[in-house]
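Protein sequence lines correspond, in order, to chains A and B.
The opening position of the first sequence corresponds to residue 1 in my numbering, with each subsequent residue numbered one higher.
The opening position of the second sequence corresponds to residue 1 in my numbering, with each subsequent residue numbered one higher.
Not one of these hints is a red herring.
Cross-link-like lysine-lysine pairs, in silico, DSS-like; alpha carbons within 30 angstroms at most:
{"no.": "1", "chain 1": "A", "residue 1": "78", "chain 2": "A", "residue 2": "42"}
{"no.": "2", "chain 1": "A", "residue 1": "42", "chain 2": "B", "residue 2": "15"}
{"no.": "3", "chain 1": "B", "residue 1": "5", "chain 2": "A", "residue 2": "42"}
{"no.": "4", "chain 1": "A", "residue 1": "42", "chain 2": "A", "residue 2": "83"}
{"no.": "5", "chain 1": "A", "residue 1": "78", "chain 2": "A", "residue 2": "57"}
{"no.": "6", "chain 1": "B", "residue 1": "5", "chain 2": "B", "residue 2": "68"}
{"no.": "7", "chain 1": "B", "residue 1": "57", "chain 2": "B", "residue 2": "71"}
{"no.": "8", "chain 1": "B", "residue 1": "58", "chain 2": "B", "residue 2": "5"}
{"no.": "9", "chain 1": "B", "residue 1": "58", "chain 2": "B", "residue 2": "68"}
{"no.": "10", "chain 1": "B", "residue 1": "57", "chain 2": "A", "residue 2": "42"}
{"no.": "11", "chain 1": "B", "residue 1": "42", "chain 2": "A", "residue 2": "42"}
{"no.": "12", "chain 1": "B", "residue 1": "68", "chain 2": "B", "residue 2": "57"}
{"no.": "13", "chain 1": "B", "residue 1": "58", "chain 2": "B", "residue 2": "15"}
{"no.": "14", "chain 1": "B", "residue 1": "42", "chain 2": "A", "residue 2": "83"}
{"no.": "15", "chain 1": "A", "residue 1": "83", "chain 2": "A", "residue 2": "57"}
{"no.": "16", "chain 1": "B", "residue 1": "57", "chain 2": "B", "residue 2": "15"}
{"no.": "17", "chain 1": "B", "residue 1": "5", "chain 2": "B", "residue 2": "57"}
{"no.": "18", "chain 1": "B", "residue 1": "42", "chain 2": "B", "residue 2": "58"}
{"no.": "19", "chain 1": "B", "residue 1": "71", "chain 2": "A", "residue 2": "57"}
{"no.": "20", "chain 1": "A", "residue 1": "42", "chain 2": "B", "residue 2": "71"}
{"no.": "21", "chain 1": "B", "residue 1": "42", "chain 2": "B", "residue 2": "57"}
{"no.": "22", "chain 1": "A", "residue 1": "42", "chain 2": "B", "residue 2": "68"}
{"no.": "23", "chain 1": "B", "residue 1": "5", "chain 2": "A", "residue 2": "83"}
{"no.": "24", "chain 1": "A", "residue 1": "57", "chain 2": "A", "residue 2": "42"}
{"no.": "25", "chain 1": "A", "residue 1": "78", "chain 2": "B", "residue 2": "42"}
{"no.": "26", "chain 1": "B", "residue 1": "71", "chain 2": "B", "residue 2": "5"}
{"no.": "27", "chain 1": "B", "residue 1": "42", "chain 2": "B", "residue 2": "5"}
{"no.": "28", "chain 1": "B", "residue 1": "58", "chain 2": "B", "residue 2": "71"}
{"no.": "29", "chain 1": "B", "residue 1": "15", "chain 2": "B", "residue 2": "42"}
{"no.": "30", "chain 1": "A", "residue 1": "57", "chain 2": "B", "residue 2": "68"}
{"no.": "31", "chain 1": "B", "residue 1": "42", "chain 2": "A", "residue 2": "57"}
{"no.": "32", "chain 1": "A", "residue 1": "42", "chain 2": "B", "residue 2": "58"}
{"no.": "33", "chain 1": "A", "residue 1": "57", "chain 2": "B", "residue 2": "5"}
{"no.": "34", "chain 1": "B", "residue 1": "5", "chain 2": "B", "residue 2": "15"}
Stretch by stretch, here's where chain B covers chain A in the computed footprint (C-beta under 8 angstroms, at least three residues):
{"no.": "35", "segment": "36-48"}
{"no.": "36", "segment": "104-111"}
Keep in mind that the hints were calculated from the coordinates and are not lab data.
Keep in mind it's a predicted model, so treat the numbers as computed, not measured.
Idealized CB from N, CA, C, for every residue including glycine.
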Amino acid sequence: EPEVTQTPSHQVTQMGQEVILRCVPISNHLYFYWYRQILGQKVEFLVSFYNNEISEKSEIFDDQFSVERPDGSNFTLKIRSTKLEDSAMYFCASSTQADTEAFFGQGTRLTVV
Amino acid sequence: QQQVKQSPQSLIVQKGGISIINCAYENTAFDYFPWYQQFPGKGPALLIAIRPDVSEKKEGRFTISFNKSAKQFSLHIMDSQPGDSATYFCAASGGYSSASKIIFGSGTRLSIRP
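If we strip away everything but chain A, and leave its shape as in the complex, we get:
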């Protein structure tokens, strides 16, 4: 069964460092998303991406965040200068269309120290 894969599964970084979280969406999907989940809290939308551009972003997705689809398979989330409060699980998701089932990856646990 096709799945969304994310790497690494766990990333520890020092405050102020840049991190790149990587995702390989399901191959025939056209819509890509990043969500985050702070421990014990709800899943929060960060950004959606379609046709090689950002479709929508939340207030959380400020200038420190960026997304890229550098080739035909990868979808990355970059945090330029990490803060302690960026510590969370980051989930990548993809779907064939908007407003349909989104498949989530297993997540990357980001710990900022």
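Fit chain B to the supplied structure of chain A, relying on the hints for placement.
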């Protein structure tokens, strides 16, 4: 207006019982209402979803009841099993730009007692 309110926060049900989780929304532009199941350390996985043109959808032991006029929907898990113990999120999407975002509820931690 873009919130999805979910209750209860936690729920304990005996094996074989019925688990019921409730959600409410404000934005009438929402047109897709999925439920996600999440096990510890894993990503959310779609369990069942409904669109507002039907009032109920059933898949195996899982049923969504949808009340469009009240802007409420609920998940019923019949014959609850210990393997159903997980966190459940209701969600809603629709009415936005071309790639709709999913708005998640706050989650319900369900424990099924053997």
